[in-house]
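**Q** Chains A and B, in that order, are what the protein sequence lines are.
Read in our numbering, the first sequence has 232 at position 232, and its numbers run on one by one without any break.
Read in our numbering, the second sequence has 417 at position 106, and its numbers run on one by one without any break.
Think of the hints as simulated: they come from the structure by calculation, not from any bench.
Nothing here was measured: the structure is a model prediction, and the numbers come from that model.
Think of the CB as a built atom: it goes at the ideal place given N, C-alpha and C, for glycine as much as any other residue.
Some clues are possibly wrong.
[As the list claims (entries may be wrong)] Below, in silico cross-link-like pairs of lysine to aspartate or glutamate (EDC-like), each with a Cα-Cα straight-line distance of 20 angstroms or less:
no., chain 1, residue 1, chain 2, residue 2
1, A, K182, A, D64
2, A, K182, A, D195
3, B, K389, A, E66
4, B, K469, A, D195
5, B, K553, A, E10
6, B, K469, A, E66
7, B, K389, A, E88
8, B, K553, A, D131
9, B, K320, A, D195
10, B, K552, A, E152
11, B, K320, A, E100
12, B, K552, A, E66
13, B, K552, A, E127
14, B, K437, B, D527
15, B, K553, A, E66
16, A, K259, A, D212
17, A, K182, A, D299
18, B, K389, A, D164
19, B, K320, A, E127
[Unchecked claim] If you want the footprint, here are the derived chain A segments under chain B, 3+ residues with CB under 8 angstroms:
no., region
20, 74-87
21, 171-185
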Amino acid sequence: MIDVQGLTKEYGRLRAVDNLSFRVEPGQVLGFLGPNGAGKTTTMRIVAGFLPATSGRVLVCGHDIETQSVAAKRRIGYLPEGAPSYPEMTPRSFLEFIAEARGIPAAKRRQRLDEVFALLHLERVLEQSIDTLSKGYRRRVGLAQAILHDPEVLLLDEPTDGLDPNQKHEVRELIGRMARDKIIVISTHLLEEVDAVCNRAIIIAHGKILADDTPRGLETRSRFHNAVSVKLATPEHLAAARRAINALSEVASTELDEKTQRLTAFPAPGKLPLAAINALAEKERWHLAELHLESGRMDEVFRSITGGAMA
Amino acid sequence: MSGVLAVFKRELRSYFATPIAYVFIVIFLIASGLCTFYFLGFYESGQADLQAFFYMHPWLYLFLVPALSMRLWAEERKSGSIELLMTLPLEMWQVVVGKFLAAWVFTGIALALTFPIWITVNYLGKPDNGVVFAAYVGSFLMAGAFLAVGACISAATKNQVIAFILSFITCFMLLAVGVQLVQQVMSAWAPQWLVDGLASLSFQTHFDFISKGVIDLRDIVYFALLIGACLYANAIVLQLKKAD
Numbered sequence: 001m002i003d004v005q006g007l008t009k010e011y012g013r014l015r016a017v018d019n020l021s022f023r024v025e026p027g028q029v030l031g032f033l034g035p036n037g038a039g040k041t042t043t044m045r046i047v048a049g050f051l052p053a054t055s056g057r058v059l060v061c062g063h064d065i066e067t068q069s070v071a072a073k074r075r076i077g078y079l080p081e082g083a084p085s086y087p088e089m090t091p092r093s094f095l096e097f098i099a100e101a102r103g104i105p106a107a108k109r110r111q112r113l114d115e116v117f118a119l120l121h122l123e124r125v126l127e128q129s130i131d132t133l134s135k136g137y138r139r140r141v142g143l144a145q146a147i148l149h150d151p152e153v154l155l156l157d158e159p160t161d162g163l164d165p166n167q168k169h170e171v172r173e174l175i176g177r178m179a180r181d182k183i184i185v186i187s188t189h190l191l192e193e194v195d196a197v198c199n200r201a202i203i204i205a206h207g208k209i210l211a212d213d214t215p216r217g218l219e220t221r222s223r224f225h226n227a228v229s230v231k232l233a234t235p236e237h238l239a240a241a242r243r244a245i246n247a248l249s250e251v252a253s254t255e256l257d258e259k260t261q262r263l264t265a266f267p268a269p270g271k272l273p274l275a276a277i278n279a280l281a282e283k284e285r286w287h288l289a290e291l292h293l294e295s296g297r298m299d300e301v302f303r304s305i306t307g308g309a310m311a
Numbered sequence: 312m313s314g315v316l317a318v319f320k321r322e323l324r325s326y327f328a329t330p331i332a333y334v335f336i337v338i339f340l341i342a343s344g345l346c347t348f349y350f351l352g353f354y355e356s357g358q359a360d361l362q363a364f365f366y367m368h369p370w371l372y373l374f375l376v377p378a379l380s381m382r383l384w385a386e387e388r389k390s391g392s393i394e395l396l397m398t399l400p401l402e403m404w405q406v407v408v409g410k411f412l413a414a415w416v417f418t419g420i421a422l423a424l425t426f427p428i429w430i431t432v433n434y435l436g437k438p439d440n441g442v443v444f445a446a447y448v449g450s451f452l453m454a455g456a457f458l459a460v461g462a463c464i465s466a467a468t469k470n471q472v473i474a475f476i477l478s479f480i481t482c483f484m485l486l487a488v489g490v491q492l493v494q495q496v497m498s499a500w501a502p503q504w505l506v507d508g509l510a511s512l513s514f515q516t517h518f519d520f521i522s523k524g525v526i527d528l529r530d531i532v533y534f535a536l537l538i539g540a541c542l543y544a545n546a547i548v549l550q551l552k553k554a555d
């Protein structure tokens, strides 16, 4: 378990992290979301034991990261922002160093290294120096370093930054596979990532927690949640259709996207307008090109939650 | 201890994975050779000893060791690998000592590669090999002291050029206060106790004693204390400014 209690970090007069408290249990994949400069990386660095906190404390599996740092760090696998490593080394020698520094017994080292090489598809580049590798490979070397000792806690700071869509998918699969019995904290500003791998999301801005929910739960906060978008095959009927939809008791308001000619109907509080709109369309014999139930838009929630804080 | 060893091995390997090692060794060998044979008249002196060779060591180290030590921490800081290193389950002292030992052993390798000059002098005459051995030990200890000063300064900055210049100046002062010429100039205005006090803090003074063949415990303790104090300061500086 990670237990963060009243964590505050000040740089001079700037308060980067402001009295942050949360707990993460095994099996949780926590997405740490926030605009750039929100304090995500600072928080990760404190939890990983790189930076000392100004006040508050962090317990990792019961060990205080400051007073019992070695015991706590043993349980953590950490991918720092930008996946730094030693550019002149090869992935093999770099990971051998990590294995040795992490105290993986020499007898098991060989086997564990081979497992991790295979897991992250590093076999092809093992003898090449890291500075000649592509960004994607470098990131994977960083991930390999983090999971090498099979830690109970994984802290990944922007694990898919700079990867192409295939690589992103692969890394997310990997995280998904490891998720069952581990505690995983991912900091990211990619909302799709939270959707894809996390079962809990914390949104922070200015070092404060603004929302702590499941990705689903966050989506229900969106005004798009349960909204219905409609596109007519016959655009000349659009104005009439809009009036009719607006008149429905289930609909609070409608919005028209001029570019796509897509009409979005927002639900009245507690109502589900989909059935009513569908019935209306049948009755009026509209030719629908699209009828679509919105589940809620994460980016919109994110903007509305952090928007006030950014001003 | 295994933590120190892991850091030590990685670091030492890294020297040889980059051109740093080869450039350093070649320049050290050429410069020490040139000084000995060309400027200080190894042959002309007609004596079978290595005084001329060791005489130049403090001044060679003054240029070369800060070039080696400047990257010790400044580079880790710049590339961000310090974050990786400091989140491994290692104590701070293990990392500091491991890195220092790697750099020290590396200068030891460069120093050991000057062995042809020792063979030459044995071929030409009958030197006192005890004195030669003592001077090698003294030179190695002095290199360690230069390195420890440089490592501590490197920990304070991200910029390798600044690390080089500050290490150079600090080491230069630590050398100069032990040079007779400087002492004479200083005694014109400074009280004698200050001149002597500063001289006793100088690398030069202690190295001079050892290189004459006198391995005095006090000189060894001096170098050991200096290295220890610098490494301790190194750890504190890192703790304070890890992320800057």
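**Q** Identify every previously stated hint that the structure contradicts and give their numbers, smallest first.
**A** 3, 4, 6, 8, 9, 10, 13, 14, 16, 17, 18 and 21
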